[in-house]
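With the sequences and hints as input, model every part of the structure.
Residues in the sequence shown are numbered consecutively from 1, following the numbering used here.
No lab work stands behind these hints, which were simulated from the structure alone. Everything numeric in this text was worked out from a predicted model, so none of it was measured. Treat the hints with care, as some may be off.
Claimed, not checked - Simulated pairs of lysine to any residue, SDA-like, Cα-Cα distance not exceeding 25 Å: (1) K104 - I21; (2) K107 - W25; (3) K45 - L17; (4) K38 - K108; (5) K106 - I21.
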Amino acid sequence: MDQTLLWLHPVMQVFALLLGIFAMWQGMQRVAMNHFKKKIIFQWKSHVRWGSLAMILWIAGAFGFYVTHAVFGETHITGIHAVLAWWIIALCVAGLLTGAVMDKRKKKRFWLPVVHGGLNVLLLVLVLFECYTGYQISGSFL
1 MDQTLLWLHP
11 VMQVFALLLG
21 IFAMWQGMQR
31 VAMNHFKKKI
41 IFQWKSHVRW
51 GSLAMILWIA
61 GAFGFYVTHA
71 VFGETHITGI
81 HAVLAWWIIA
91 LCVAGLLTGA
101 VMDKRKKKRF
111 WLPVVHGGLN
121 VLLLVLVLFE
131 CYTGYQISGS
141 FL
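If you want it as structure tokens, here you go:
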């Protein structure tokens with residue numbers, strides 16, 4: 001059971017990373033459509049679905065705290081990997097909230113999409129770094 005728990009976390013998070021990259025790519029298409037007048041059909045529902053699922057899975061990545069506690073008897077033993085998780089969770093909540101506002105009330109906006117996109121770019125950068133730190137410590141656990 002311990003080995004299953006240790007593998008479930010990184011597999012789920014890499015899957016979320018792929019979904020997040022896809023949602024980011026779709027968001028960049030929206031930017032190109034709105035600001036560079038590219039003729040692109042923005043897949044709004046798909047962007048919302050896959051971006052939301054990625055963020056929910058990243059939030060569920062907090063399950064990693066349970067895994068380290070269940071297997072090793074304590075949490076935050078992974079150093080920066082655990083600290084970054086809290087920032088990722090906060091950015092996911094912000095991304096979900098700003099996205100929900102735009103999805104619920106569709107209208108022409110300037111600042112909210114900028115904030116949403118900027119926070120989510122930062123989120124994806126942190127998630128990539130989180131994957132790097134996770135890979136670095138994986139040898140200690142797996």
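To see whether the hints hold, each was checked on the structure:
1. A C-alpha spacing of about 23 Å is found between K104 and I21, which places the hinted pair at or below 25 Å, so the restraint holds.
2. The suggested pairing of K107 with W25 holds, with an alpha-carbon distance near 21 Å, which does not exceed 25 Å.
3. At roughly 19 Å between alpha-carbon atoms, K45 and L17 fall within 25 Å of each other, so this suggested pair holds.
4. Distance check on the hinted pair: K38 and K108 sit about 17 Å apart at the alpha-carbon level, within 25 Å; holds.
5. Using a Cα cut-off of 25 Å, the hinted pair K106 and I21 holds, with the two alpha carbons roughly 23 Å apart.
When the structure is compared with the earlier hints, no violation turns up for any of them.
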